[in-house]
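All chains should be modelled from the sequences, with the hints used to inform the complete structure.
Take the sequence shown: its position 84, counting from 1, is numbered 85 in my numbering, and each next residue is one higher.
Simulated from the structure, these hints should not be mistaken for lab results. Remember, predicted model here, so these are calculated numbers, not experimental data. Treat the hints with caution; some may be incorrect.
[To be verified] For each label pair, taking beta carbons as the anchor points, the in silico distance ranges come out as: (1) Ser205 to Asp123: 20 to 26 Å; (2) Asp19 to Glu121: 23 to 29 Å; (3) Leu170 to Thr269: 43 to 49 Å; (4) Val204 to Glu67: 35 to 41 Å; (5) Ser247 to Gln140: 18 to 24 Å; (6) Pro147 to Gly50: 27 to 33 Å; (7) Asp23 to Pro124: 36 to 42 Å; (8) Asp69 to Ser247: 15 to 21 Å; (9) Pro270 to Ser247: 34 to 40 Å; (10) Ser205 to Arg163: 28 to 34 Å.
[Unchecked claim] DMTMM-like, lysine to aspartate or glutamate: derived pairs with alpha carbons at most 25 Å apart: (11) Lys32 to Asp62; (12) Lys3 to Asp38; (13) Lys32 to Glu67; (14) Lys3 to Asp19.
The beta-carbon is built from N, C-alpha and C at its ideal position, and this holds for glycine as well.
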Amino acid sequence: MKVVVTGAGGQLGRDLLDTFADHQVVGLSRKELDVSDEAAVAATVATLGPELVVNAAAWTDVDACEGDPVRAHQVNALGPWWLARACQGIGATLVTVSTEHVFDDPGPRDGDGALRGWTEFDPPRPANSYGRSKAAGEQLVRQTLPAHHIVRTSWVAGARGRNFVTAILDAARRRDHLEVVEDEFGAPTVTRDLATAIREVAVSGRFGTWHRTATGWISRLEQARAIIELAGLDVEVRPIRAAELSRPARRPSWSVLDATHATAAGLTPLPDWRDGLSRLLEELGERASPSKPASPEAPGTSR
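What follows is the structure, given as structure tokens:
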């Protein structure tokens, strides 16, 4: 099968290239294809003639998107639309990656009033420009190309990019303590696991929207403490509230996505978030050896 991966220079894109390496895969970085350029997208897809396009191209800087909603819409909404139109023209399937930011607070509740994860059937209600641009991209793909998969995920981190995990590691080496948000919750998902899940969805023939995140959920504070512990660092992680941070874009506090639909349909559950984090730190060369004592437990995190 001939596969084209857009956004191939990013952390997820690079792992997607590895995951599809046994196919005829072509990776296109932003320099090679700007997905917001309609004419370039149409020409590139027509020339390459793939059977499958996996769109990992996105502008994911949440605060920068808040300051430039037009660019956010061009990349995150029009980009997937141009790809969907191009795929329609050659009979190809499209997978495009979306985000938990299409949802906002308060989180949904079950019949007993307890918080539950967002499902594929809950109506989007974005909290910020980034979320609005991604929700618009989803809608444009759905109305354009029947042969599509929309994969929503959350709190993504990979070994070949900047993310929350690498930021915590860098900060821990420069400071004697860290302050991390305690009232934001999600499922930290490593890109290698996500790439595998995307491949499974892409070849399933079951078109639609899927939630694909690590199993389990935690706060950003707990995630930061786990990073410090597994890396064997000795840094105190102190809790703060999201409202104490001065950030241009508001983040949803409840970013937990429910995987019931995917599991019931027979898709493979992703590994537990801590297992994924441990393997990511191994890949980064940051995992403490068994002989190296982990740091004592301290207080502690979000996006």
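Has the hinted range 34 to 40 Å been met by the Cβ atoms of Pro270 and Ser247?
Holds - the Cβ-Cβ distance for Pro270 and Ser247, about 38 Å, lies within 34 to 40 Å.
State, for the Cβ atoms of Val204 and Glu67, whether the hinted interval 35 to 41 Å holds or is violated.
Distance hint for Val204, Glu67 holds at roughly 36 Å.
Thr269 and Leu170 - C-beta distance against the hinted 43 to 49 Å
For Thr269 against Leu170, whose Cβ atoms are near 29 Å apart, the range 43 to 49 Å is violated.
That 27 to 33 Å hint for Pro147 and Gly50 (C-beta), does it hold up?
violated (19 Å)
For the pair Asp19 and Glu121, does the Cβ-Cβ distance stay inside 23 to 29 Å?
holds (27 Å)
Pair hint Lys3 and Asp38, alpha-carbon separation not exceeding 25 Å:
Holds, because 22 Å separates the two Cα atoms, which is no more than 25 Å.
Would the hint linking Lys32 and Asp62 be met if the CA-CA limit is 25 Å?
Holds, at about 18 Å.
Between the alpha carbons of Lys3 and Asp19, is the straight-line distance 25 Å or under?
holds (14 Å)
The hint says 20 to 26 Å between Ser205 and Asp123; measuring C-beta to C-beta, is that right?
This hint holds: roughly 22 Å between Cβ atoms.
Satisfaction of the hinted span 28 to 34 Å by the C-beta atoms belonging to Ser205 and Arg163
Because 31 Å falls inside the window, the suggested range holds.
If you check the beta carbons of Asp23 and Pro124, does the distance land in 36 to 42 Å?
holds (38 Å)
At the C-beta level, are Ser247 and Gln140 separated by a distance inside 18 to 24 Å?
For Gln140 against Ser247, whose Cβ atoms are near 32 Å apart, the range 18 to 24 Å is violated.
In summary, the structure is inconsistent with hints 3, 5, 6 from the numbered list given earlier, while agreeing with the others.
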